[in-house]
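Which chain is which? The protein sequence lines are A, B and C, in order.
To convert, note that position 142 of the first sequence is 948 in the working numbering; the numbers rise steadily by one, no gaps.
To convert, note that position 21 of the second sequence is 89 in the working numbering; the numbers rise steadily by one, no gaps.
To convert, note that position 92 of the third sequence is 825 in the working numbering; the numbers rise steadily by one, no gaps.
These are computed hints drawn from the structure, not numbers from a lab.
A hint or two may mislead.
To be verified - The list that follows gives simulated cross-link-like pairs (lysine to any residue, SDA-like), each with its CA atoms no further than 25 Å apart:
1. C/K1030 <-> A/C867
2. C/K1212 <-> A/C867
3. A/K848 <-> B/I83
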Amino acid sequence: MSLRRTMLYLPGNNPNMLLRGHLFRPDGLILDLEDAVAPSEKDAARILVRDVLCRGEFGGCEVTVRINGMDTELWREDVAAVVPAGATGLRVPKVENPRDIRLLDEYLGEVESQAGIAEGRTAIFCLLETALGIWRAYDIATASPRVAALIPGGEDLTADLRTNRSADGTELATIRSLLVVAARAAGVDALDTVYPRVADDEGLRREVAFIKQLGFDGKSVIHPNQIPIVHDIFTPTEAEVEKAKRIVAAARDAAARGLGAVQVDGRMVDKPVVRRAEFTLSRAGLSGEVM
Amino acid sequence: MKTASAGTVESMDCIVTASEADPGSGVTVQIAGASAARFGSAMRAAVLSVVSKMGITDVTLSVQDNGALDLVLQARTEAALERLKGGDVA
Amino acid sequence: MSINAVGRHLPDAIPGYGPVKPFQGAAARVPEGHRDGGRLRAVYGGKDKVLPDLKAAIAASGLQSGMTISFHHHLRNGDHVINAVVDACAEMGLRDLVLFPTALFGVHKKLIPHIKSGVIRRIMGSVNGPIGQLVSEGGMEDPVVLRSHGGRPRAVTSGDVHIDVAFVGAPTADRYGNISGVGSRSACGSLGYAHTDAMYADCVVAVTDNLQPYPISRISIPQHYVDFVVAVESIGDPAGIVSGSTQITRDPLRLLISRYASQLIEASPCFKNGISFQTGAGGIPLAVTAFLKDAMKRRNVKGSFGLGGITGYFVDLLREGYVERLLDVQSFDLEAVKSIAENPDHIEISADWYANPWNSGAAVNALDVVILGATELDRDFNANVNTEADGALLHGTGGHQDTAAGAGLTIIAQPLLRGRIPCVVDAVYSVTTPGEVVDALVTEFGVTLNPRRTDLVEACREAKTVPLVPMEELVDRAKKLTGPMDPVVTEERIVGVIEWRDGTVLDVVRQLTPRK
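Hey, can you work out the whole structure from these sequences and the hints?
Printed below as a string of structure tokens:
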């Protein structure tokens, strides 16, 4: 399972950020052809993003592209340009109908086979930016095996709800919980929306702690300076890692000896606890030690 | 005379301006800006390779550079030439 | 011809400079003989050294055509003194003067007509901006001599350079010549770069816009070095003299590099109680200081002193107890100026004290960590600070050589690419600081250690927090990103001589051939 604690948006017409984004070591990148690009620059940005994908370097980052919405004329050209160039995921804005995901799935199949890419390689990240999209979250997540994650919208969504975005995120609390449930039920990741106040490190810290507690796998970020903060919160502490290691080791030992019940530090440990420990280790980048 | 350009003045970008040229006049490239002193040859070669890949024989290109790497220079050249071709005149 | 210890081919002598002593190694040259000194003089009686104007002082100083005049750069880009003195010299018909400033700034481009008309024959000191461009294109008869902040007082005290008249811009002075860097609207704090000139010049003229009755307090340069005092309307523009309070950068690339640099320091053996550091005023160094402060807090480490050019950020470190003292050769901002006037633990030091290699031990020798920049570094870690990528001589040496030579851990921190221009190359265009005194380069790609420092390599591997990138890999990466560079085209003629702090020659800079 690849980590998606942070996925960094990079404006699609900005060479400086497109070329340097990976240096900040987020888990993933989102080369943005949608909102970050002015309508008059869509053509130039598409060429630039295509060339950056072909020839740029991305370190260990998962590289995705936010294409223009499926309600525009642009999305097919976006897909045809960036998938052969090497994007392994597409972030699709304003998804509210499972039919759109099936349509994209089909088109991706064509593009992949024409480009000689293994069919099914390109993952889909669904941005749910309307009330309708959130309501249909599970159906959207299960519309194609390519769907890798659900992401709630921020500004658009709160506008659609006829409210606005507050500092403590009251208006998004239920939606975020709902989205985690849908994502878990469908077996995909739940990734949070961006935190727009880039200079407010403490506010970001609070919000990330909150969404982590809700069960999110990570957060979209719009500024490199947000990355270390999100990673810090999503990275288990040394004590948590040590405890998880003991639990997993004890469970493995018990399984080898044919025992059911396991004790760690004098406490009974059951299956969910073991699973949580395995998850902790994977977040610490130690999944290899578990498998 | 028709011209079209692409790119920005931001750091690590450049503005490429393409202008139609009379048939038979060939390809002219002018380069000015941040990296011209030490990378003029490489930049010229990068621009010319896009022109020839697109099968264009007569055009005038001027690059105002602010530290673009080859791939950026080439993406901007292609975008400017596409715009010139498409009549999307800036 | 000879080849020096950094592999540069040098002529045996350079017209307008004289015989060349090739660089032999950072600590190879041992001085002989005794210190030089200024003219002996006696003043019997008298209570007032004030003269009516600059021309009167120039006349009284005995300044003749062809002589050497010196200035300090504490008034930075606000300075009015150098331009005014040279204007006055020109009006008095003096010619062929040798200008010996501790540094020049953009504001001194007004000297260009005086260079062209022959009032100034030669500059010994840093050149930048338009004057640097002029010199690079061959606009000056004799080559510029570039010396470090420590190399300059060495040249003065050893007699390599003799100062005929030192003009000392004085934010405050009294009628008998005591000088202070504080106490007026032109306050610049420390006057560290002026001390040696005042002690060794044949004649010293204080130029002030705040003339006070005798005696003033907080004296930087005392009366017994000063021959004349002139009151002028203004010695400088306060906005150009000191900056406002400095904010830590939010630029993500600079923060990334700063974080890596701070992680390197934290992993190094010098991160312990008593640590001392110099970080200057640039965006990256200041951010490194901020990260370092966090690390000191987290690991409960207390420092001993901060050195060099002092900012408000360092003043906070002193006030909050992260360091015990500040040794200040140059006060960059209002906070620093205020602090040096009030806090006895904020100590003014001279350039000689700060960095001269030829005395009984300079402050840089006690330095643990220094963060520096450079235009470029090569595979041997030689650093170029003086010339830009296009070969133009645009930057002074500053304290680069001295702090690198003195510090236990010398870090050069900056982006691998400035636009398309890489900061690592096969061979630097000119050598300012030899690789033997540079320990690490920190870029957005991580930390590149000088392999000579096996202790650091080991410490970083152990700490696991620092991404290490070997120099070979970094150079290859830069080449792959930027493509091949065209050579700089030059004439044979030498327009600049880069001295190592001990007076030997590291490199020369040649006249640029105009581009088509």
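Next on the checklist: With the threshold set at 25 Å, check whether the alpha-carbon distance from A/K848 to B/I83 stays at or below it.
Outcome noted: 16 Å, holds
Item to check | Agreement of C/K1030 and A/C867 with the hint, judged by alpha carbon distance not exceeding 25 Å | outcome: It is violated: about 33 Å lies between the C-alpha atoms, which goes past 25 Å.
Checklist entry - Between C/K1212 and A/C867, is the straight-line Cα distance small enough, at 25 Å or below? => result Holds, because 23 Å separates the two Cα atoms, which is no more than 25 Å.
The structure does not agree with numbered hint 1 stated previously, though it agrees with all others.
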